[in-house]
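Student: Listed below are the residues making up each chain.
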Amino acid sequence: MTTPHLSPEQAAQWVTGLLEGPAAAALEAHVADCSQCTRLLQAEARIEVALQQATQPEARPRTPWRRLAAPLAAAAAAVIVASWGLSTSGERSGADAGTTSPSLQAFKVPRYEGTTVHAILTAPAPL
Amino acid sequence: MSPLSPSPLASLSQRQAWDGLVRLHSRRVWVSLLAQGFCLEQAQELTQETWARLWAQHHRGALAELSLPGLAITQAGFLARDALRRGLRSAEEAPGPEREAPLPSPEDRLASAQTLRAVRRELGTLPEHHRRAFELAHEGVPHADIGRRLDLTPQRVRQLVWEIRTRLRARFGETP
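Chains A and B, in that order, are what the protein sequence lines are. Letter by letter, the first sequence follows residues 1 to 127 in my numbering. Letter by letter, the second sequence follows residues 1001 to 1176 in my numbering.
Take these hints with a grain of salt, some might be off.
If you only want the chain B side, here are some residues facing chain A, beta carbon under 8 Å, derived [as the list claims (entries may be wrong)]:
1) 1022
2) 1032
3) 1034
4) 1035
5) 1039
6) 1078
7) 1079
8) 1084
9) 1119
10) 1123
11) 1125
12) 1126
13) 1158
14) 1163
15) 1169
What the hints contain is simulated information worked out from the structure, not anything from laboratory work. Ideal Cβ placement from N, Cα and C applies to all residues, glycine included.
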């Protein structure tokens, strides 16, 4: 091992992305062969992940009312959708009567919980 | 033309945009894996595998929404659990007879709900611009973009993020 061990400050700079280029590459090369610095980097990574949690809105506790609210809202939505279907079924032609409405298709879009940041806004502009 | 067979030009520009996203968000994925106890090399491999899988899904049109870095971190979490099942955990994490039971460290205390609340309170005492810069940085928004939104230079954003993190980090270390 020819390079010196990491300082806590260097580890923190690396996990926050403040260490770039050759300095970051040198740190990574050292850590690849050093279990002591690997543990230091892992500890700073846990701090960073915890800070990311702290910057997100605090989850509200699920009270009995909140536990009931979701199923009640779903049931209400089902009644509204069903009544909408009945009220408009006579207006639809026979050809499209069996297709799913766009509003119902929207409910099938998969969601990824815990995601926060928009890729599209940060994507480089296409050529 | 089928979405599965885009023209070479479309594919190239998409690939370049994708590579930009990978460069932008890889460190967050990497750090999330390090925090789970993987060594740097394993974290790098899992991060590459994460992007390869997301690219394949994106190319197939299987992703209705591409929210990053959250989606990549979630995907990496799945791969990490699979790797742990297959026994690819870091050698440092493997239990051994000489390994002592770890004492609670500052980072362990930070993870507790009590400490998280203390952090949030501390963040609440910051000036609005400073707190917002710190939050946006931890959402993965580049410093240059944060600067444009908050009318700050990227250098000032970097300085703010570092100062706030250092302050919070020191506070966590003192938490009993």
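Student: Hint by hint, note whether the structure agrees.
Tutor: Hints, verified against the model:
1. 1022: Where the cut-off is 8 Å and the nearest Cβ of chain A is about 11 Å from residue 1022(B), the hint is violated.
2. 1032: 6 Å, holds
3. 1034: 4 Å, holds
4. 1035: With a minimum Cβ separation of about 4 Å from chain A (threshold 8 Å), the hint on residue 1035(B) holds.
5. 1039: 5 Å, holds
6. 1078: Since the shortest Cβ distance to chain A is 11 Å, the answer is violated.
7. 1079: 15 Å, violated
8. 1084: Since the shortest Cβ distance to chain A is 15 Å, the answer is violated.
9. 1119: 4 Å, holds
10. 1123: 7 Å, holds
11. 1125: Violated. Min distance 13 Å.
12. 1126: Violated. Min distance 11 Å.
13. 1158: Because about 6 Å separates residue 1158(B) from the closest Cβ in chain A, which is inside the 8 Å limit, the hint holds.
14. 1163: 12 Å, violated
15. 1169: 6 Å, holds
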